[in-house]
Amino acid sequence: MMPYLSYLAVLIVAAMLAACESKEQQLLAEGQQIYQKNCKVCHAQGINGAPILGNRKMWSARAEQGKETLVEHAIDGFGLMPAKGGKADLAKADIEKVVAYMLSQLD
Amino acid sequence: MKEYHLKTIKQFVVAGSIAGSAALLSACGGSEQAAGIAPNVYTDSLFAVMKADRTNYTKLVVKRLGPAGAGAVKPDEHWEDIPNGTLLPAQMFRAGAEAVAEMTDDFTYSLQSKWPINSQNAPKTEMEKQGLEYIAANPGENFYGEETLGGVTYYTAVYPDVAVSDACTTCHNEHKDSPKTDFKLGEVMGGVVIRVPLKSS
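Protein chains in written order, with the working numbering: chain F, 295 to 401; chain V, 297 to 497.
Treat the hints with care, as some may be off.
What the hints assert, rightly or not - Restricting the straight-line Cα-Cα distance to at most 25 Å, the calculated cross-link-like pairs of lysine-lysine (PhoX-like) are: (1) V:LYS480 to F:LYS381; (2) F:LYS331 to V:LYS420; (3) V:LYS472 to F:LYS331; (4) F:LYS334 to V:LYS495; (5) V:LYS355 to V:LYS480; (6) F:LYS334 to F:LYS317; (7) F:LYS361 to F:LYS381; (8) V:LYS410 to V:LYS495; (9) F:LYS386 to F:LYS317; (10) V:LYS495 to F:LYS381; (11) V:LYS420 to V:LYS410; (12) F:LYS351 to F:LYS334; (13) F:LYS331 to F:LYS386; (14) F:LYS381 to V:LYS420; (15) F:LYS381 to V:LYS410; (16) V:LYS476 to F:LYS331; (17) V:LYS420 to V:LYS355; (18) F:LYS334 to V:LYS347; (19) F:LYS381 to V:LYS355; (20) F:LYS351 to F:LYS361; (21) F:LYS334 to V:LYS472; (22) F:LYS351 to F:LYS317; (23) V:LYS347 to F:LYS351; (24) V:LYS495 to V:LYS420; (25) F:LYS361 to F:LYS334; (26) F:LYS381 to V:LYS359; (27) V:LYS347 to V:LYS359; (28) V:LYS359 to V:LYS420; (29) F:LYS334 to V:LYS410; (30) F:LYS351 to V:LYS355.
Unchecked claim - Pairwise CB distance ranges (calculated): (31) V:ASN352 to F:ASP401: 27 to 33 Å; (32) V:ASN352 to F:GLY348: 20 to 26 Å; (33) V:ALA397 to F:ALA312: 58 to 64 Å; (34) F:ASP383 to V:ASP377: 37 to 43 Å; (35) V:ALA368 to F:SER316: 42 to 48 Å.
Keep in mind the hints are simulated off the structure, nothing from the lab.
All C-beta atoms, glycine included, are put in the ideal place defined by N, C-alpha and C.
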């Protein structure tokens with residue numbers, strides 16, 4: 295009986311881990327969509343000093359500040375970047391997703 | 297004194313732009329010996345210098361010394377008519393293009409738009425039109441192609457020019473000569489066209 299319970303426990307944990315990973319992937323996919331629609335226009339090119347997606351040289355010092363700070367900067371505007379990149383209708387949750395996506399491109 | 301200061305700033309920024317471009321040209325050996333570098337890498341590199349100079353002028357001069365900073369200068373379309381007027385970033389960009397055009401035919405660049413305030417800045421060749429259409433329909437993407445003009449084949453690259461501040465949208469939307477009056481922040485307003493001669497056909 296005990297071995298079956300152990301197998302069951304392992305299966306449950308594996309399923310939970312897979313669900314977490316799937317949820318994270320889902321959030322990153324949503325972040326990617328938000329990026330392509332709203333942020334790519336500047337962040338693909340480095341327009342006005344915007345850090346280019348996936349460019350470690352431009353992102354390293356920024357990434358060190360942590361996701362929370364980057365989200366705050368994106369919402370309030372920072373340097374030459376206007377608040378929310380000028381897309382006032384983006385919610386904080388959208389910004390969080392897109393920052394997570396952009397940081398994930400450094401992995 | 298103020299006029300001297302502004303002139304010095306302008307000369308400094310234009311000189312920096314030219315020096316950067318010249319350094320790139322020098323490093324690549326000029327167009328005749330550029331066989332070792334892909335045309336898109338060459339134009340991308342030129343655009344990187346242009347972008348950096350434009351961003352730095354915006355950040356280090358306009359924002360720092362303009363109304364949002366020390367208030368020492370007034371960025372204005374008609375900057376020449378104002379004692380402490382200074383060029384808008386797009387005008388400074390054009391000044392760089394004009395300075396390069398006086399210096400070399402190895403490459404040219406210009407700021408163009410499908411909706412230009414000045415009709416001289418509208419696309420003229422089919423490839424320019426195609427490129428501007430493409431970058432407007434595909435925000436964040438570049439356009440590359442080859443075209444033959446006057447018997448010479450050119451590599452033509454078009455990069456997006458984006459409305460990055462309220463100053464961009466307000467000026468264009470309210471300008472009496474603007475054919476488009478609903479620009480929004482983050483929208484592609486036009487493009488930087490870089491043209492490099494490849495060979496005579």
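Here's how the hints hold up against the structure:
no. : hint                             : in the structure
1   : V:LYS480 to F:LYS381             : holds, 9 Å
2   : F:LYS331 to V:LYS420             : violated, 29 Å
3   : V:LYS472 to F:LYS331             : violated, 30 Å
4   : F:LYS334 to V:LYS495             : violated, 34 Å
5   : V:LYS355 to V:LYS480             : holds, 21 Å
6   : F:LYS334 to F:LYS317             : holds, 24 Å
7   : F:LYS361 to F:LYS381             : holds, 19 Å
8   : V:LYS410 to V:LYS495             : violated, 29 Å
9   : F:LYS386 to F:LYS317             : holds, 18 Å
10  : V:LYS495 to F:LYS381             : violated, 44 Å
11  : V:LYS420 to V:LYS410             : holds, 10 Å
12  : F:LYS351 to F:LYS334             : holds, 18 Å
13  : F:LYS331 to F:LYS386             : holds, 16 Å
14  : F:LYS381 to V:LYS420             : violated, 32 Å
15  : F:LYS381 to V:LYS410             : holds, 23 Å
16  : V:LYS476 to F:LYS331             : holds, 22 Å
17  : V:LYS420 to V:LYS355             : violated, 32 Å
18  : F:LYS334 to V:LYS347             : holds, 16 Å
19  : F:LYS381 to V:LYS355             : holds, 21 Å
20  : F:LYS351 to F:LYS361             : holds, 17 Å
21  : F:LYS334 to V:LYS472             : violated, 31 Å
22  : F:LYS351 to F:LYS317             : violated, 29 Å
23  : V:LYS347 to F:LYS351             : holds, 17 Å
24  : V:LYS495 to V:LYS420             : holds, 21 Å
25  : F:LYS361 to F:LYS334             : holds, 19 Å
26  : F:LYS381 to V:LYS359             : holds, 21 Å
27  : V:LYS347 to V:LYS359             : holds, 16 Å
28  : V:LYS359 to V:LYS420             : violated, 33 Å
29  : F:LYS334 to V:LYS410             : holds, 21 Å
30  : F:LYS351 to V:LYS355             : holds, 20 Å
31  : V:ASN352 to F:ASP401: 27 to 33 Å : holds, 30 Å
32  : V:ASN352 to F:GLY348: 20 to 26 Å : holds, 23 Å
33  : V:ALA397 to F:ALA312: 58 to 64 Å : holds, 60 Å
34  : F:ASP383 to V:ASP377: 37 to 43 Å : holds, 39 Å
35  : V:ALA368 to F:SER316: 42 to 48 Å : violated, 56 Å
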